[in-house]
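> Sequence:
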Amino acid sequence: FRRKSIKEMHKILLDNVRGSSKNPGNFKRSQNYIGSVSSISYTPVPAEKTPEYMSNLEQYIHYDDLDLLVQSAIIHAQFEMIHPFEDGNGRIGRLLIPLFLYYQELLSYPTFYMSSYFERDRSLYISHLSNISKDNNWKDWFEYYLEGVILSAEESTKKAQDILSLYNIMKEQVIPKLNSVSGIQLLDFIFSAPIFKAEQVSEHLKISKRTTYTLLNKLIDEGYLSTDNAQRNRTYYCPQLLSIVQ
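If you're matching positions, the sequence shown starts at 1 in this note's numbering and goes up one per residue.
Think of the hints as simulated: they come from the structure by calculation, not from any bench. All of these numbers come straight from a predicted model, not from anything done at the bench. Hints are supplied without guarantee of correctness; some may be wrong.
Simulated pairs of lysine to aspartate or glutamate, DMTMM-like, Cα-Cα distance not exceeding 20 Å [to be verified]:
| id | residue 1 | residue 2 |
| --- | --- | --- |
| 1 | Lys49 | Glu86 |
| 2 | Lys139 | Asp162 |
| 3 | Lys11 | Glu58 |
| 4 | Lys4 | Glu86 |
| 5 | Lys4 | Asp67 |
| 6 | Lys209 | Asp228 |
| 7 | Lys209 | Asp221 |
| 8 | Lys22 | Glu8 |
| 9 | Lys209 | Asp188 |
| 10 | Lys206 | Asp188 |
| 11 | Lys171 | Asp221 |
| 12 | Lys197 | Glu222 |
| 13 | Lys7 | Glu58 |
| 14 | Lys4 | Glu58 |
| 15 | Lys197 | Asp228 |
| 16 | Lys7 | Glu52 |
| 17 | Lys171 | Glu147 |
| 18 | Lys22 | Glu86 |
| 19 | Lys218 | Glu203 |
| 20 | Lys139 | Asp67 |
| 21 | Lys7 | Glu86 |
| 22 | Lys22 | Glu48 |
| 23 | Lys158 | Asp140 |
| 24 | Lys7 | Glu48 |
| 25 | Lys4 | Glu52 |
| 26 | Lys218 | Glu172 |
| 27 | Lys177 | Asp188 |
| 28 | Lys159 | Glu147 |
For each label pair, taking beta carbons as the anchor points, the in silico distance ranges come out as [stated by the list, open to error]:
| id | residue 1 | residue 2 | range |
| --- | --- | --- | --- |
| 29 | Pro176 | Leu151 | 37 to 43 Å |
| 30 | Ser115 | Thr43 | 19 to 25 Å |
| 31 | Asn179 | Glu154 | 37 to 43 Å |
| 32 | Asn179 | Asp15 | 39 to 45 Å |
| 33 | Ser180 | Ser41 | 51 to 57 Å |
We treat Cβ as the ideally placed atom computed from N, Cα and C, and that holds for glycine.
I would like the entire structure built from these sequences, with the hints used as guidance.
Next comes the structure, spelled out in structure tokens:
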């Protein structure tokens, strides 16, 4: 959990997406702002001080704090206030939360996300971060953040239960209709990658392309899969699964 790994993560995250032209994998070279040009809500750390502040944050990430959830709240807030990159700071800042909790073994997998909570009332989120900088008001930030942890955990638990329920239902319904020794493997693959290409299935299951298309077409006919209807290199997806995870 070093600055180098955060930079590498940023480079991967911005590959061929919004922000890919804004120096991915490197700290900002000029001043950036939070808010619109006409209404700046917060001015982050200057570019020349970013390496120093990120070094300080790196040290704190490895500091043995008394409460890991509070520590994650501080890490996220400090990262957002530093805003070390030209673009993609929000995405990296939100990823740091599950990665830190996983690193500290508070999570079995880094699959805990607070994005929907923060985006639910973005102005409130920005306001709490700004109040830390302006008034050193950590108390309100901690209360807001920890409430988000509770709500996000409840939502994640509900999603996990819904996914498991859908898996069991589809297992009972799909496997007999596929009538194939690869049926359960295909179902497991779909639940590990809700959006996929036929080539990925063929490679993962080690079956021929012909068998792959036969199985996928059966699932489309039965209404379990949909496709983008492209002439070549089609994308397949499970609508019911996507409706849960999105």
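> For every hint, state whether the structure bears it out.
Here is what the structure says about each hint:
1. Lys49 - Glu86: It holds: about 14 Å lies between the C-alpha atoms, which stays within 20 Å.
2. Lys139 - Asp162: 35 Å, violated
3. Lys11 - Glu58: Holds, because 18 Å separates the two Cα atoms, which is no more than 20 Å.
4. Lys4 - Glu86: Holds - the C-alpha atoms of Glu86 and Lys4 are around 16 Å apart, at most 20 Å.
5. Lys4 - Asp67: Given that 20 Å is the threshold and the Cα spacing comes to 25 Å, the pair is violated.
6. Lys209 - Asp228: Holds: Lys209 and Asp228 sit about 19 Å apart, inside 20 Å.
7. Lys209 - Asp221: Within the cut-off at roughly 18 Å; holds.
8. Lys22 - Glu8: Holds. Lys22 to Glu8 sits at ~14 Å (cutoff 20 Å).
9. Lys209 - Asp188: 18 Å, holds
10. Lys206 - Asp188: 14 Å, holds
11. Lys171 - Asp221: Since the Cα atoms of Lys171 and Asp221 sit roughly 17 Å apart, the hinted pair holds (cutoff 20 Å).
12. Lys197 - Glu222: Measuring from Cα to Cα gives roughly 19 Å; hence the hint holds.
13. Lys7 - Glu58: 12 Å, holds
14. Lys4 - Glu58: Status holds; Cα separation ~10 Å.
15. Lys197 - Asp228: 11 Å, holds
16. Lys7 - Glu52: 15 Å, holds
17. Lys171 - Glu147: 36 Å, violated
18. Lys22 - Glu86: 6 Å, holds
19. Lys218 - Glu203: OK: Lys218 and Glu203 at ~19 Å, within 20 Å.
20. Lys139 - Asp67: 15 Å, holds
21. Lys7 - Glu86: The hint holds at about 12 Å.
22. Lys22 - Glu48: This hinted pair holds, its Cα atoms lying about 17 Å apart.
23. Lys158 - Asp140: 27 Å, violated
24. Lys7 - Glu48: Distance ~17 Å between Lys7 and Glu48 Cα, so the pair holds.
25. Lys4 - Glu52: Holds: Lys4 and Glu52 sit about 14 Å apart, inside 20 Å.
26. Lys218 - Glu172: Holds, at roughly 15 Å.
27. Lys177 - Asp188: At roughly 16 Å apart (the allowed maximum being 20 Å), Asp188 and Lys177 satisfy the hint.
28. Lys159 - Glu147: 18 Å, holds
29. Pro176 - Leu151: 37 to 43 Å: Once the Cβ atoms are compared, 39 Å apart, the range 37 to 43 Å for Leu151 and Pro176 holds.
30. Ser115 - Thr43: 19 to 25 Å: 24 Å, holds
31. Asn179 - Glu154: 37 to 43 Å: Given range 37 to 43 Å: holds, Cβ gap about 40 Å.
32. Asn179 - Asp15: 39 to 45 Å: 41 Å, holds
33. Ser180 - Ser41: 51 to 57 Å: 56 Å, holds
This entry does not satisfy hints 2, 5, 17, 23, going by the numbered hints stated previously.
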